[in-house]
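Chains as they are written, first to last, in our numbering: chain A, 2 to 105; chain B, 8 to 959; chain C, 386 to 581.
The set of hints was computed from the structure by calculation and includes no laboratory data. These numbers were taken from a predicted model, which means no experiment stands behind them. Incorrect hints may have been included.
One side of the interface only, derived from the structure: several residues of chain C facing chain B at Cβ under 10 Å [as the list claims (entries may be wrong)]: (1) 396; (2) 416; (3) 471; (4) 479; (5) 489; (6) 493; (7) 518; (8) 573.
For each residue, glycine too, the CB sits at the ideal point set by N, CA and C.
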Amino acid sequence: MQLIACPWCGPREEVEFHYGGQAHVPYPDSPAELSDEEWAHYVFFRDNPKGRFAERWNHSAGCRRWFNAIRDTATYRFERVYRLDDPKPGVTELARSREEGTAP
Amino acid sequence: MTSPFRTSTGGRIDRATTVEFTFDGQTLRGHPGDTLASALLANGRHQIATSIKLGRPRGIAAAWAEDPGGLVQIEEPFPEPMLLATTVELHEGLAAHGLPGQGRLADVPDSARYDAVHHHVDVLVVGAGPAGLAAALTAARAGARVALVDEQSEAGGSLLSGTERLDDAPALQWVAAAVAELAGLPEVLHLQRTTAFGSYDDGFVLALERRTDHLGAAAPKHVSRQRVWRIRARSIVVATGAHERPVVFADNDRPGIMLAGAARTFLHRYGVLPGREAVVFTTNDSAYDAALDLHRAGVHVQAVVDARPEGSPRRAECERAGIRVLSGAVVTGTRGAERITHALVAPFADGEVGAGSAITCDLLLVSGGWNPAVHLFSQARGRLRYDAALGAFLPGEELDGLAVAGSAAGVPDLAGCLTDGQRVARATLAGPPAADDRLPTAPESAVPTPPLVLWRVPDTSGADGSTSFVDLQRDATVADIARAIGAGLRSIEHVKRYTTIGTAHDQGKTSGVLTSGITAELLAIPVQDTGTTTFRPPYTPVAFAALAGRDRGRLFDPERVTALHEWHVAAGAVFEDVGQWKRPRHYPRPGEDMEAAVLRECAAARTGVGILDGSTLGKIDVQGPDAAVLLDRLYTNLMSSLKVGSVRYGVMCGVDGMVIDDGTVLRLAEDRFLVLTTTGGAAKVLDWMEEWVQTEWPDLRVHCTSVTEQWCTFPVVGPRSRDVVGAVFPQVDVSAEAFPFMTWRDTTLDGVPVRLARISFSGELAFEVYVNPWYAVAVWQRLLDAGRPYGITPYGTETMHVLRAEKGYPIIGQDTDGTVTPHDLGMAWAVSKKKPDFVGKRSFARPANQDPLRKHLVGLLPVDRQTVLPEGSQIVEFRTDGRLPPPPVPMLGHVTSSYRSAELARPFALALVKGGRERIGETVHVPVDGTLVPVEVTGPVLVDPEGARRDG
Amino acid sequence: MAELLRTSPLDAWTDALERLPDTVRIAVEPYVAMVDVRLGTVGAAASAALGVDLPTAPGTWVPAGTGRAVWLGPDEWLLSSTTETPEELEARVRAAVLPLGGSATDVSAQRIGLRLTGARVRDVLAKGCSIDLHPRVFGRGSSAQTTLGQAGVVLLALFDAADDVVVLVRSSFAGYLADWLLDAALEFTTTPTHDR
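With the sequences and hints as input, model every part of the structure.
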């Protein structure tokens, strides 16, 4: 039973959370102007990397807030959780937080 | 009455008390403190059962969970299959018999309780042997929150099996003092009879505590029999000791052959002599203790057979005791039937076996070295390293939050285990260790001669390894491994699956590393390269009942109920599960079946007045200046144009354009809406709204709050509903002119706020009554009282379904399946053409959603006016010959809802049919029970298509 | 006409709850007015308008007049009052937070409170709650939204010893949770033979 650190409530068991898929996939500004292919790409296509992945999570059994996380899909380790209004952490920043032991 | 193989003194058993038990129907006696295995051995019984495939006699080969031989079925106090005699604690009335492999599950309900407890600690120590006790003391003395769990009935670990001394006194005195000290510390949880069976992410360990098993029939009924501890630890110290490893040779499976250390355990812990005449076969020094201890206890030790050419420095000690030591010799085979009679001993040098001789014995002790119990470390994805000197796999890396201590880490001696436990525990502490963190003094141990790594003795019996057993529980031999390799298998995981080695009850505790070694030998590659198979939880078997815990019966799945539940029960409602809700399905009168009750309830709602508990409908309060903007974006139709005081039906789609929920929306104020969802969609829709607001549109000034349980909802339905509602709420003008369809009004009843809404899910004149659940029973009763003159009839979900289906109203999730658009449902009218965008809109223009052959919701009328089509039935083209063509049969769609209609006086159905709207008027076929039922395709609205009834 | 009778979802559990021992007492809290408050920014203006400093630390609650203010999220609180009706509380709070861009919704009947007192309370809760309830971690003023058994709950620590806790549960789950708690407390109803 893995722990996930909610940015507000702190570490809780993974069953308190819902997965929300890839993060940073914004709803298109003007869907009507997109081609069928572009729209289908937004609706159906997501990355599936081995390794670091920016994801959305929701603390559904707790404070019900959505947040983003950088998780390694090969090890399941969460390297960082961050609020929706925070920018996506860069690689150097992640490396630094790992060295400093501040990753959750 | 004395048992013939019981020593006269010693052991951890209560000799003053005798308990009676039966094995294979024979009544025997033992003592509290015995295991079933030790009590059987005390009675001279070695054979437990015969083996699963070959039917060979098998007996007790070890003293605890690593035993591959002693599987038993418990009959009393409660039937339980496949336990090990070595781990079953003896109690009065225990009844068991040996098992050839598989057991039998109980065919009576298990009335025992099982539960689970969450526990949080700074340090979890697994194993209460010397290293574990030292670790627990160090952590606890420093003020840490500590859990110490150990699978045995008492603490001490290996010290229970020997004669070691600490601080110049028997080591068990130190154990008792350590246990007492831990008991006096408030932040320590010390659990015996508790097996840590799995280690998982983030310091999470599951442990099974056997709380009352050892009490037999005397176990208190209100205490759980077994408990799963869900332990979350900042640091874990694995001090789980080591398992002795056998050496494989021909006919190594006879009863009377056991691990040397096990014989010491039976002698010292249980006061049992496992035989009279022993041969000890070893590759290392540890078995000399067994030989000497058994000798002192009166066993005639015929010989110590040491495979090492130079033998052991302890040879002299044995010879002083008159024990013959054969160095550079091995056991090549055995004789005997139900019990070993002879060990065949031969010289051994450079891998070659010389000419041998037979030595009589009734006990053959074997030691091929020790395998550290690295299971929990490996489960936590720790990498193992092969130690060629020990012939064992050791922890090969440091893990965050999990450290291995003592003999589980390969530490060979008692003093080393104590300091290792302390060292590892100190590393977990946030602060300095306690000033009084003292360890007992252990005597210096002699420098041992290096062991010989010997997996198997070459088979000189002519059986070609086919009686050289690697996994006794699976009857798998050296010949089987050779066959696997001959078949081209190289990976140890494949060898395991091919041979089944390590897949039985004991999960390869004695056979796993042997298989790695023998495989490496046969492939002529280093053992490090074969590695081990993956260690997976559970370490020892765990009953499903324990894992289920208290989530059984009524607590299996929460039952959600409305404020009226007691009333429904008293009214004789038959309930159905809708999600987790218990909803009345119908209210049968005496003698009525569901069909009769539903026809009666439907007729009441269509001709008089009915009343439904609709409180399970999802309700969401949407507030804020941008509330209308949010709803415009999430519903397919326009909500911002809704007037305060009015109600509008709406459909919600996913981004793919498929319907996800529907319901009505009440505009309470310019900046406030009450959104109603389906019962099953309540949580989903709130989450959906929150997801969009939080992740996409945080600039919208709007908040969504669940009020599902803030309001009870009672639809009062039928031509006489106006009379009933008008009578209960006289201050409201309920006329069609003053209170039109799809509007709502607030009122009060005896000062309690009530909201009324003209919403109809049946097509009839109807009023929904909303009230705080605190007053639900009272308001419901008022409505019933007022409705009595009109024969008001409570109805359930089945009638609700019939009424809505007659009107062609779909149920999202029943008539839809995530592949259905509003257009497919014939609801193009509910899709706004004015709004530039809303969730799902862009997908409607995709080519797949423009296909004229998409499935449409239509009505079906069986031509015979009799058949109620089973929901889920397939629909096929009309066949003039009335027979299905050969497969594959082209499918047109399927039946989504089907009922018998009182109003239509015939059965009807809703269905999704390819190009269905173009087929209205056609006849198609529905296969039912092997015959083709002709059905007419109709529009989905079968009752009151012009909507004349809604105003009464 | 007679006044409308009130009922509680746990009326049928009254006798069973009363039979519990002193080590695990469970009392159904009286009905009180509760309102769900949403507010983006809290500060002096909000405190002045509401008459209470809404707690901003996650997982905390504070007394608020005769009731409580419980942190539910970074912009969400549960505010209760024992002296106002649900309608009065909603109207007052809504009026206070509306000018600040907030909202307020009457949720008085959404949840019911169970107050658990006694030396075994932590042991009972630990049977179904995965968060650490040790008094050092979950002391007075702590709150948590989490799962107890299979029901979503809000836990409020009333005192430091962790032997006095309020469990707020959705009304439709109240019966399930009462059954769950009674079952969890069973081993403490007579002298346990095995005491850890």
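* **Status of the hint placing residue 471(C) at chain B (closest C-beta pair under 10 Å)** => Holds, about 7 Å.
* To do: Closer than 10 Å between Cβ atoms is the bar; does residue 416(C) clear it against chain B? Give me holds or violated.
  => This hint holds: residue 416(C) lies near chain B, its Cβ roughly 6 Å from the closest one there, short of 10 Å.
* Go through the hint on residue 518(C) and say holds or violated, using the shortest Cβ distance to chain B against 10 Å. => Constraint on residue 518(C) satisfied, holds at 8 Å.
* When the least beta-carbon distance from residue 493(C) to chain B is tested against 10 Å, hint result -> holds (7 Å)
* **Interface hint for residue 489(C), Cβ within 10 Å of any Cβ on chain B** => holds (8 Å)
* Asked: With a cut-off of 10 Å, does the beta carbon of residue 396(C) approach a beta carbon of chain B closely enough for the hint to hold?
  -> Hint on residue 396(C): holds, closest Cβ of chain B at ~8 Å, below 10 Å.
* **Interface hint for residue 573(C), Cβ within 10 Å of any Cβ on chain B** => Hint on residue 573(C): holds, closest Cβ of chain B at ~9 Å, below 10 Å.
* Asked: Is the hint on residue 479(C) kept, meaning its closest Cβ partner in chain B is under 10 Å away?
  -> It holds, given that the least Cβ distance between residue 479(C) and chain B is near 8 Å, below 10 Å.
Checked against the numbered hints given earlier, this structure breaks none of them.
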